[in-house]
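Participant: When you line the first sequence up against my numbering, it's residues 844 to 1340, in that order.
Please note that the accuracy of each hint is not assured.
[Unchecked claim] Calculated lysine to any residue pairs in the SDA-like style (CA-CA distance at most 25 Å, straight line): (1) K1172 to E1159; (2) K1270 to S1293; (3) K1195 to G862; (4) K932 to D1060; (5) K1299 to L1274; (6) K1191 to V1215; (7) K1172 to L1234; (8) K947 to P875; (9) K1195 to T1226; (10) K981 to A1028; (11) K922 to V934; (12) K1195 to Q1249; (13) K1191 to R1224; (14) K922 to L965; (15) K1299 to A1330; (16) K1081 to Y1340; (17) K907 to R888; (18) K932 to E1062; (19) K1172 to V1147; (20) K1177 to D899; (21) K1299 to F1314; (22) K1081 to E1046; (23) K1097 to D1060; (24) K1195 to R888; (25) K981 to G1092; (26) K849 to R1187; (27) K1097 to V927; (28) K1156 to Y1197; (29) K1229 to P852; (30) K1177 to Q1219; (31) K922 to L989; (32) K1299 to G1281; (33) K1081 to D1134.
It should be emphasised that the hints constitute simulated quantities derived from the structure, not laboratory data.
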Amino acid sequence: MAQAQKITPRAKDFSEWYGDVIAHAQLADYSPVRGCMVIRPHGYRIWELMQRALDDMIRATGHKNAYFPLFIPMSFLAKEAEHVEGFAKEVALVTHTRLRATGKPGADAIAVDPTSALDEPLVVRPTSETIIYAMFAKWIQSYRDLPLLLNQWANVVRWERRTRLFLRTTEFLWQEGHTAHADEAGAEREARTILDLYRRFAEDWMAMPVITGVKTDSERFAGALRTYAIEALMQDNKALQAGTSHNLGQNFAKAFTVQYQTAAGGLDYVWNTSWGVSTRLIGGLIMLHSDDNGLIAPPRLAPVQVAIVPIWKSDEEQGQVSGIGHQVKADLEKAGMRVELDVRDNLKPGAKYYEWEALGVPVRLEIGPRDVAAGQVMLARRTGGKAPASLAEVTTAVATALEEIQSGLLAAARARREQNSIRGVDKQTFLERTQGAGGFLYGGFCGQASCEAQIKEQTGATIRVIPDPEFRSPQAPTTCMWCGMAAVAEAVWAQAY
RNA sequence: CGGGGCGUGGCGCAGUCCGGUAGCGCGCCUGGUUUGGGACCAGGAGGCCGCGGGUUCGAAUCCCGCCGCCCCGACCA
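Using the sequences and the hints, build the whole thing.
Facilitator: Right under this line is the structure:
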């Protein structure tokens, strides 16, 4: 019996499983350049669906899209002290503009033309604060120009030492929002609005429950006053920072002289925010929902929501079930669903099932002669379960299934997260969990950076966030779970991607 | 940058210890029979054995040098 290459089970090796799922679901492939990936059509479609939903939400909150250049003068990066510090070690530089033929054979046939050296090297953007605020300085004169609310969809490059498909690639796609406000309250409100937007997107579209909160200084964005984040817990009990929203204060405004005249006639610096989510979200989606049979895509972001597999023996049956398949496909598409009809005749139905499962398709409809006779189709859910559905009401049945799968995935992920969250940890429990099962560990924090650093060094766990009130434990911890000194806040620790 | 693996048809691997001119499974192509959970038969296509040197009558295999990739850590969306 022919068997396709199997996906490594999660329990055996989570990393291998992750890579296998991506390969089997045809989401991405390794590129010839180390650390870069090719996003294949099935993976890119997920990104497009994410983009569409997020873009609608970003517009609905008053933001406009723009596009800033890939190249940034190197000197710009130096203008904000913390910012350089944070990114200097991972930027790609353009130093020359030409190659020349050498007349040598093979790989030596071309070489950098030394006469083409740039006077000032260009940085390939690792993020766009510097170039955007340089432009803001030109565009903002008066309080009447504020707030300025922009977003861009772009690629950025960070020369990370170690990469991982979707989670940390040298080049990645993202959206980065950049705004300017007249006062601190405006910037703070904006940073919070976006954090909430990200949270809604994660939960409503990705079926990914997140906890929100503020980062400690050590995890703060380079150049920001405060960094807020949404954090999700993956199936292996490691945390994923899924999105960040920064209140930049006046740091960049001062570095790039972004000033405006106040209503009273004075001159003041603007308050900025920046925020982003990236193709990393796709990695989160994979690690959150998928199983040993491959991807499980939440219906709202599934490139294919319904796969129809006709089953036949004779030519006559083939014509019949295919005909009904086409009809069902048309009906579902009319209802706005993304549908594929699998009429390939070189594969048995079972082989097709495995394929569509690996691709993460939430609902599969099987139509065979027996179903035709009974006026029904078989509706199989990627998350488990198979039942007949009347042909007359198949659209409703599928729509219901998709909604239930979507909400079921969110509920399951939330239950798993809560099961793997421990509140009120003491040092002993903390050590046990970080060496073993992992998960979100809630406990008191003294606020000392040195304590935080020691915990990281000894356990690999970091404070993911100081959680927002909604996520805090009913009883606030009074002492630091590590050093025993008075706690200034409750923190959520985890080992993270 | 440290640690561990690995580079052999598209993919996954065997062959390497003990040199003799490349093999298996999947996939692919053609034809036929099949089709309710990964079909079968027959015929076929496809390989600078990572790269460069060396030893040898002869190198995937031995020696020297290089390069690359994946996984694990330190750094990060």
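Participant: Decide, hint by hint, whether the structure agrees.
Facilitator: Here is what the structure says about each hint:
1. K1172 to E1159: Holds - the C-alpha atoms of E1159 and K1172 are around 20 Å apart, at most 25 Å.
2. K1270 to S1293: 16 Å, holds
3. K1195 to G862: 21 Å, holds
4. K932 to D1060: It holds: about 19 Å lies between the C-alpha atoms, which stays within 25 Å.
5. K1299 to L1274: At roughly 11 Å apart (the allowed maximum being 25 Å), L1274 and K1299 satisfy the hint.
6. K1191 to V1215: Holds, at about 19 Å.
7. K1172 to L1234: 12 Å, holds
8. K947 to P875: 23 Å, holds
9. K1195 to T1226: This hinted pair holds, its Cα atoms lying about 17 Å apart.
10. K981 to A1028: 23 Å, holds
11. K922 to V934: OK: K922 and V934 at ~15 Å, within 25 Å.
12. K1195 to Q1249: 23 Å, holds
13. K1191 to R1224: 19 Å, holds
14. K922 to L965: 15 Å, holds
15. K1299 to A1330: Answer holds: K1299 to A1330 is near 18 Å, not above 25 Å.
16. K1081 to Y1340: 7 Å, holds
17. K907 to R888: Holds: K907 and R888 sit about 23 Å apart, inside 25 Å.
18. K932 to E1062: Status holds; Cα separation ~17 Å.
19. K1172 to V1147: 12 Å, holds
20. K1177 to D899: 22 Å, holds
21. K1299 to F1314: Since the Cα atoms of K1299 and F1314 sit roughly 22 Å apart, the hinted pair holds (cutoff 25 Å).
22. K1081 to E1046: 18 Å, holds
23. K1097 to D1060: 21 Å, holds
24. K1195 to R888: Roughly 21 Å between the alpha carbons, so the hint for K1195 and R888 holds.
25. K981 to G1092: 19 Å, holds
26. K849 to R1187: Holds. K849 to R1187 sits at ~22 Å (cutoff 25 Å).
27. K1097 to V927: 15 Å, holds
28. K1156 to Y1197: 20 Å, holds
29. K1229 to P852: 23 Å, holds
30. K1177 to Q1219: Within the cut-off at roughly 19 Å; holds.
31. K922 to L989: 23 Å, holds
32. K1299 to G1281: 14 Å, holds
33. K1081 to D1134: 16 Å, holds
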